[in-house]
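Those sequence lines, one after another, are chains H and R.
For the first sequence, the numbering used here begins at 1 and goes up steadily by one.
For the second sequence, the numbering used here begins at 1 and goes up steadily by one.
Warning: the hint list may mix true and false statements.
[Said to hold, decoys possible] Here are some chain H residues the structure puts well away from chain R; computed CB gaps all over 10 Å:
id: 1; residue: His41
id: 2; residue: Ser57
id: 3; residue: Leu130
id: 4; residue: Pro211
id: 5; residue: Arg284
id: 6; residue: Arg320
id: 7; residue: Ser350
id: 8; residue: Asp359
id: 9; residue: Arg377
id: 10; residue: Gly378
[Claimed, not checked] Okay, the calculated beta carbon distance ranges per label pair:
id: 11; chain 1: R; residue 1: Thr141; chain 2: H; residue 2: Lys318; range: 52 to 62 Å
id: 12; chain 1: H; residue 1: Ala304; chain 2: R; residue 2: Ser20; range: 25 to 35 Å
id: 13; chain 1: R; residue 1: Gly136; chain 2: H; residue 2: Lys318; range: 56 to 66 Å
id: 14; chain 1: R; residue 1: Ser20; chain 2: H; residue 2: Gly316; range: 16 to 26 Å
id: 15; chain 1: R; residue 1: Glu142; chain 2: H; residue 2: Gly152; range: 57 to 67 Å
id: 16; chain 1: R; residue 1: Thr141; chain 2: H; residue 2: Lys56; range: 49 to 59 Å
id: 17; chain 1: R; residue 1: Asn25; chain 2: H; residue 2: Gly316; range: 15 to 25 Å
Please keep in mind that the hints were generated in silico from the structure rather than gathered at the bench.
This one's a predicted model, so the numbers in the text were calculated from it and none came from an experiment.
Glycine included, C-beta positions come from ideal geometry on N, C-alpha and C.
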Amino acid sequence: MSALSPLSAAARSEANEPSSPVLRFGPDQPLRMDSGAMIEHLQIAYQTYGTLNAAKSNAILACHALTADQHLANTHPVTGKPGWWDVMVGPGKPIDTDRFFVICANVVGACMGTTGPASLNPATGRPYALDLPVVTIRDMVRAQAMLIDHLGIDQLLCVIGGSMGGMQVLQWAASYPERVFAAMPIATGARHSAQNIAFDEVGRQSVMADPDWRGGDYLAQGVNPAKGLAVARMAAHITYLSEAALHRKFGRNLQDREAMTFSFDADFQVESYLRYQGVNFVERFDANSYLYLTRAMNYFDLAADYGGALSGAFKGTKTRFCVVSFTSDWLFPTSDSRAIVHALNAAAASVSFVEIESDKGHDAFLLDEPELFATARGFINAAAKTRGIA
Amino acid sequence: MSVEAASGATARIDLLLIASMVEPNTRVLDVGCGEGLLLELLRDTKNCDARGVELSRDNVSRAVARGLAVIQGDADADLVDYPDDGFDYVILSQTIQATRNPRQVLEHMLRVGRRAIVSFPNFGHWRIRSHLMFKGRMPMTENLPDSWYDTPNIHFCTIRDFVALCDEIGAVMESAVALNAGGYAAPKAPWWFWNLFGEQAVFVLRRK
Chain H
1 MSALSPLSAA ARSEANEPSS PVLRFGPDQP LRMDSGAMIE HLQIAYQTYG TLNAAKSNAI
61 LACHALTADQ HLANTHPVTG KPGWWDVMVG PGKPIDTDRF FVICANVVGA CMGTTGPASL
121 NPATGRPYAL DLPVVTIRDM VRAQAMLIDH LGIDQLLCVI GGSMGGMQVL QWAASYPERV
181 FAAMPIATGA RHSAQNIAFD EVGRQSVMAD PDWRGGDYLA QGVNPAKGLA VARMAAHITY
241 LSEAALHRKF GRNLQDREAM TFSFDADFQV ESYLRYQGVN FVERFDANSY LYLTRAMNYF
301 DLAADYGGAL SGAFKGTKTR FCVVSFTSDW LFPTSDSRAI VHALNAAAAS VSFVEIESDK
361 GHDAFLLDEP ELFATARGFI NAAAKTRGIA
Chain R
1 MSVEAASGAT ARIDLLLIAS MVEPNTRVLD VGCGEGLLLE LLRDTKNCDA RGVELSRDNV
61 SRAVARGLAV IQGDADADLV DYPDDGFDYV ILSQTIQATR NPRQVLEHML RVGRRAIVSF
121 PNFGHWRIRS HLMFKGRMPM TENLPDSWYD TPNIHFCTIR DFVALCDEIG AVMESAVALN
181 AGGYAAPKAP WWFWNLFGEQ AVFVLRRK
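Just chain H, with the same shape it has in the complex (with noise of 0.2 Å):
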C-alpha cells in the first residue's frame, strides 16, 4: 500500500471550520455526557434541505452511520461525491424535499466540523485528540435534541437512519418520545453483539499500531496513521457486504493480468477494490473518530438502561415504528431487528416490521433498493397525512 496519502487538507480543516452551517455552544450550553465528563464549547455542524413550514411539523432528523456524515444529499465538499442519502432524499425521492424539512447533523466524536478528536480544543489549541471524553449513542442524541431545540422544533415528524443511524433513532424514540411522531429504524439493532464489538475491536487495534498514531496525537505532530485506519476500513468494509455480492462484484477474478503473480500483489479484483476503500477513506476520516464512533457503537445497550428489558425504552410510547432488516446483513441480522419489534410489541406501541430481500449486505440501505423506497415513502407519508401535512 504505496500510495496512502495522509488525511487532507481539506477534510482537516473541515474538522474546525465546515463548510455547512454549524451551531456553536459556549460554556453556559456544555454538552453532559453519561461518561459524566461535560463539552463545554460544543460545535454541531449540519446540513438542510427542503422549508421548514409555519407550524414547524414537517422536520424530518436523518441521522447517519459510522463513517458517514451531515453530507446526505449534496455534494461532499472534500470527496466530490454524491450524498451519502442521495438515492433515497431529495425532490420527489422518498424522503421528499418539497415537502418535507430534512435536516442531518454531523454526530459528536466525528470529524466533518461537530465536536470530536480532530477538533481543536479551546482550552490548548491542539485537537482534543483522546481528551475528548468517550462519547455514546444517547450523548450524540442529545447534540441533536440541542440542534433540534435551536431550531424551534418541538416534535419531529420522523426520525430515520441505519445502522449506527438506527441506533441512534431507537436512543431518539426512548429518550424524547414526545418528539418523536415517527421513528424508522434501519438495519440496526438495540445493541451492538459481540461479533461486532470484535470486529470493531480488530479496527481499532489496526489503527493503534501504527507507529504513526502516537499515542492518538498525530495531528499534533503533523502524521497521519493512515495505514492503520486503512487496514480498519479493509476488515469494516467486508462485513457491510455479503458473500452473495462480493461473489457478484468480483468472484476470483483477477486485476489487470492473466495469471497469479505469485506474489503478495493484489491479483485479484476484491483485493484491489478493499485496498481502494481502505485508501479513499483516509482521504477523509480521522483514524481517532473511528475510534470513538466504534466505542460508541460496541456501548450501546438500550435494554441495559431499563433494568434489561427492552420494552422499557418504549413503555407507553405514541411514537409510531417501522423497523427494516435485511435477508443478507450479517453484522445485524433480521433477529437483531425482530428483537426491537418484539419490545415494541411489549410496550403496546403501533409498529411495522419489513425484512427486505436483498443480497447487498449491510450496505443495503444506502444503495438502489426499491422496496426500501416505497416502504419509507409510504411509512413517512402516512405520518404526515395523520399530521396533517399536506
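Fit chain R to the known structure of chain H by using the hints.
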C-alpha cells in the same frame, strides 16, 4: 361512512361482515392480514387502531407503503410475543386452515385479545362433500383453488369441527354467521344446516 360504502367492489364479503362485527375506536390485531384490506376498512370506517401480522414479505411491503402498521411474521410463531389483553379484537380471517397448530393459535388469540373473530372456509359444505363423494378427489373450488400437494391449507375443518374445538378450549361463542354461495348470511338454522350449506363461517369468541 358505512362499511359497505367505504369498501371497493372488490372487498371480500367476509371482510365486510367481520368489519361490521367490530366496535368503533377499538384496538384490533389482524393475523394473516394480507395486503391489509380489512385493516384499511377498520381504520377508515371504524377509527380502529388496527395492526396486522402477515407472512408474505411482498404483502407486508405493500401494506406498510399504504401507511398500515403491519409486522412480517407468522401466526404460529409470533402470537406468543404479544402481551395479554393487548387488543380488543384479534382477527384470523381465512387463515386458520393454514396454521400448523390451530388450537394453540386460537388460545393465543383469546389471551391477546378480549375477543377473537375467526372466519374460515367450511369443509363440510355440500359441494365439497359431493366432490369427494362422486369424483373421489380432493376438492378444488373457487375459494380453494390449490392442489392438495401445494396448498398452504393444511388443517381444514368443518363448522362442526370448529365448534367442537371451541368447546374443548373453553371459548364462548358470542355469535356465529355462515355465508352461503351468494355471500349472504344464512337464515337462523340448526348446526347441521349451516354445516351443509355454509361455504364460509365467521365466529366471534371470547374467554369464559
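Going through the hints against the structure:
no. : hint                            : verdict
1   : His41                           : holds (43 Å)
2   : Ser57                           : holds (17 Å)
3   : Leu130                          : holds (43 Å)
4   : Pro211                          : holds (50 Å)
5   : Arg284                          : holds (35 Å)
6   : Arg320                          : violated (7 Å)
7   : Ser350                          : violated (5 Å)
8   : Asp359                          : holds (14 Å)
9   : Arg377                          : violated (7 Å)
10  : Gly378                          : violated (3 Å)
11  : Thr141/R / Lys318/H: 52 to 62 Å : violated (45 Å)
12  : Ala304/H / Ser20/R: 25 to 35 Å  : violated (47 Å)
13  : Gly136/R / Lys318/H: 56 to 66 Å : holds (58 Å)
14  : Ser20/R / Gly316/H: 16 to 26 Å  : violated (32 Å)
15  : Glu142/R / Gly152/H: 57 to 67 Å : holds (59 Å)
16  : Thr141/R / Lys56/H: 49 to 59 Å  : holds (57 Å)
17  : Asn25/R / Gly316/H: 15 to 25 Å  : holds (19 Å)
In summary, the numbered hints that this structure violates are 6, 7, 9, 10, 11, 12, 14.
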